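Enquirer: Kindly produce the complete structure, drawing on both the sequences and the hints.
2 protein chains.
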Amino acid sequence: MGTEKERNERLGQIEAMLLRYLPAEEGYQKTVCEAMHYSIAAGGKRLRPMLMLETYRLFGGTSAIIEPFAAAIEMIHTYSLVHDDLPAMDDDEYRRGKKTTHAVYGEAIGILTGDALLNYAYETAARAFSMEPGNETIGRAFQMLSQKAGIYGMVGGQTADLEAEGETERSEEKLYFIYQMKTGALLEASMAIGALLAGAGEEEVRTVERAAGEIGLAFQIQDDVLDLTGSFAVLGKPIGSDQKNQKMTYVTLYGLDAAKQKAEELFLSAMQRLDALSVQNPFLTGLLRDLIHREK
Amino acid sequence: MGTEKERNERLGQIEAMLLRYLPAEEGYQKTVCEAMHYSIAAGGKRLRPMLMLETYRLFGGTSAIIEPFAAAIEMIHTYSLVHDDLPAMDDDEYRRGKKTTHAVYGEAIGILTGDALLNYAYETAARAFSMEPGNETIGRAFQMLSQKAGIYGMVGGQTADLEAEGETERSEEKLYFIYQMKTGALLEASMAIGALLAGAGEEEVRTVERAAGEIGLAFQIQDDVLDLTGSFAVLGKPIGSDQKNQKMTYVTLYGLDAAKQKAEELFLSAMQRLDALSVQNPFLTGLLRDLIHREK
Numbered sequence: 006m007g008t009e010k011e012r013n014e015r016l017g018q019i020e021a022m023l024l025r026y027l028p029a030e031e032g033y034q035k036t037v038c039e040a041m042h043y044s045i046a047a048g049g050k051r052l053r054p055m056l057m058l059e060t061y062r063l064f065g066g067t068s069a070i071i072e073p074f075a076a077a078i079e080m081i082h083t084y085s086l087v088h089d090d091l092p093a094m095d096d097d098e099y100r101r102g103k104k105t106t107h108a109v110y111g112e113a114i115g116i117l118t119g120d121a122l123l124n125y126a127y128e129t130a131a132r133a134f135s136m137e138p139g140n141e142t143i144g145r146a147f148q149m150l151s152q153k154a155g156i157y158g159m160v161g162g163q164t165a166d167l168e169a170e171g172e173t174e175r176s177e178e179k180l181y182f183i184y185q186m187k188t189g190a191l192l193e194a195s196m197a198i199g200a201l202l203a204g205a206g207e208e209e210v211r212t213v214e215r216a217a218g219e220i221g222l223a224f225q226i227q228d229d230v231l232d233l234t235g236s237f238a239v240l241g242k243p244i245g246s247d248q249k250n251q252k253m254t255y256v257t258l259y260g261l262d263a264a265k266q267k268a269e270e271l272f273l274s275a276m277q278r279l280d281a282l283s284v285q286n287p288f289l290t291g292l293l294r295d296l297i298h299r300e301k
Numbered sequence: 006m007g008t009e010k011e012r013n014e015r016l017g018q019i020e021a022m023l024l025r026y027l028p029a030e031e032g033y034q035k036t037v038c039e040a041m042h043y044s045i046a047a048g049g050k051r052l053r054p055m056l057m058l059e060t061y062r063l064f065g066g067t068s069a070i071i072e073p074f075a076a077a078i079e080m081i082h083t084y085s086l087v088h089d090d091l092p093a094m095d096d097d098e099y100r101r102g103k104k105t106t107h108a109v110y111g112e113a114i115g116i117l118t119g120d121a122l123l124n125y126a127y128e129t130a131a132r133a134f135s136m137e138p139g140n141e142t143i144g145r146a147f148q149m150l151s152q153k154a155g156i157y158g159m160v161g162g163q164t165a166d167l168e169a170e171g172e173t174e175r176s177e178e179k180l181y182f183i184y185q186m187k188t189g190a191l192l193e194a195s196m197a198i199g200a201l202l203a204g205a206g207e208e209e210v211r212t213v214e215r216a217a218g219e220i221g222l223a224f225q226i227q228d229d230v231l232d233l234t235g236s237f238a239v240l241g242k243p244i245g246s247d248q249k250n251q252k253m254t255y256v257t258l259y260g261l262d263a264a265k266q267k268a269e270e271l272f273l274s275a276m277q278r279l280d281a282l283s284v285q286n287p288f289l290t291g292l293l294r295d296l297i298h299r300e301k
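Chains B and Y, in that order, are what the protein sequence lines are. With this note's numbering applied, the first sequence has no gaps in its numbers, which climb one by one up to 301 at the end. With this note's numbering applied, the second sequence has no gaps in its numbers, which climb one by one up to 301 at the end.
Among the hints, erroneous ones may be present.
It does not matter which identical chain is meant; a pair holds if it fits inside one copy or across any two.
[To be verified] Listed next, the in silico DSSO-like pairs over lysine-lysine satisfying Cα-Cα at most 30 angstroms (straight line):
hint, residue 1, residue 2
1, Lys252, Lys35
2, Lys179, Lys103
3, Lys10, Lys179
4, Lys265, Lys179
5, Lys50, Lys301
6, Lys10, Lys301
7, Lys103, Lys267
8, Lys252, Lys103
9, Lys301, Lys35
10, Lys103, Lys10
11, Lys35, Lys267
12, Lys179, Lys35
13, Lys104, Lys301
Please keep in mind that the hints were generated in silico from the structure rather than gathered at the bench. As the structure is a prediction and not an experimental result, all values here were calculated from the model.
Expert: Structure representation (structure tokens):
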């Protein structure tokens with residue numbers, strides 16, 4: 006199957022692009038630049054830039070203008086992890102087997118590195134204005150990016166999630182809000198910005214935004230399922246930690262079977278939306294399929 | 006003298022504008038929205054939005070397009086204070102006689118509130134794209150804002166300042182870097198964006214940017230002078246705290262008289278630059294004059 010090879014190739018291109026867009030590690034601000042590199046290098050699936058680039062391709066986009074936005078969304082994702090790991094937040098010393106940023110550089114530089122990454126995301130995306138000065142969709146992409154990252158997106162979800170800790174009240178509405186905002190919003194931004202910058206119409210942008218929202222929700226519910234059914238060896242973390250932590254999840258609300266069914270329903274709905282478009286990108290749909298049917 | 010009345014009037018307009026641009030305090034993300042309001046309400050001179058609005062007036066700007074940028078720069082300034090006050094940074098429980106954000110809302114919400122304000126600054130500035138879709142200077146204003154706030158501006162200065170703590174080596178170059186980046190950069194952004202959006206030419210933008218840089222440096226040196234000469238009653242903080250903390254300042258490097266002279270030189274140079282422009286705004290020059298000749 007060529008898919009794995011293709012995916013690794015594209016992942017390699019994204020890694021190279023991220024490096025090109027990160028700042029030089031020099032000057033009196035060298036430490037924070039090094040810590041930015043360290044945080045980004047901690048890696049991951051690069052799901053957000055990949056979704057953005059593939060949605061851009063889906064709608065026939067071919068210019069380099071997508072790159073600063075693809076780099077920016079990974080910087081925003083990374084800043085949120087750096088701040089989430091801080092002692093006053095989740096207090097994690099390790100992420101993906103590597104020391105977290107504040108564990109290496111200290112808490113003060115950890116805070117500044119998150120700030121630096123968030124700001125540099127906008128500084129990087131703003132390069133697009135010089136690349137195509139007359140292109141009015143850049144401003145709209147900027148609005149989309151900042152909205153989905155902030156209080157009506159990711160930061161809003163983080164706030165609600167933080168406050169829901171230890172709450173015994175069960176509310177589907179709040180659970181959906183947290184899932185949609187904390188995870189869904191950046192996926193929505195990724196796909197919507199890819200569509201916008203490729204020149205897709207308003208209806209098409211809305212379609213991929215909704216599909217991304219469903220994928221985000223399905224992804225989170227699948228996370229809840231794996232927390233209970235995944236093996237420790239595959240997952241790399243203790244099974245059943247949500248139950249132990251009395252965390253409200255889709256599984257604790259509705260049970261395992263209903264959760265599996267809901268994730269599949271959401272995935273199929275997203276696929277239907279994408280299938281109904283006049284354009285297709287099999288690589289993108291394969292990527293989404295594997296994401297929802299993953300086992301870790 | 007009408008100046009004080011005029012200044013209070015304009016300050017009142019800025020306060021009202023900031024309130025209009027802050028998010029509603031509602032929804033599952035209500036706490037972080039409340040904390041954003043609390044942080045902004047802690048007040049101050051609103052120097053950055055005032056400089057931006059007055060430079061915009063200086064070059065004949067009359068549209069509301071300046072407002073989202075003026076609100077944005079105050080949000081960026083405020084986020085930096087919220088994060089600076091955190092226990093892992095300066096660990097301040099009070100600022101201007103009021104409890105700091107993390108002291109009221111806890112450290113986790115303190116971190117998220119800074120993140121929210123920084124992100125909302127860009128979300129707010131991005132409103133300008135809908136106000137004047139074809140206006141290409143908005144993209145340039147965006148580049149200026151993000152550059153001066155980030156690692157080549159304020160965050161860069163914060164990093165260098167943090168690392169210089171307790172250093173015994175004395176370097177004028179590093180001191181200038183810290184002063185120019187930590188304080189000067191946002192003042193430069195304020196005046197340069199005001200000029201840009203009003204349609205000033207490249208040379209004029211550079212002139213006000215340089216003047217703002219000199220004002221920023223003079224402001225910081227004046228701060229060092231006041232730390233030694235100001236009375237406790239006027240300053241509201243212990244005198245000589247820099248010496249006690251072994252902090253490298255312009256005064257510890259060159260002495261009090263040289264510092265006073267340097268601040269005045271920088272101020273006069275900035276005034277000369279502004280005087281040489283074909284347009285004048287006496288309110289702006291009066292504001293800068295009082296800023297450098299302040300006694301607290």
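Enquirer: Taking the earlier hints as the rules, which of them does this structure contradict?
Expert: 2, 3, 7 and 9
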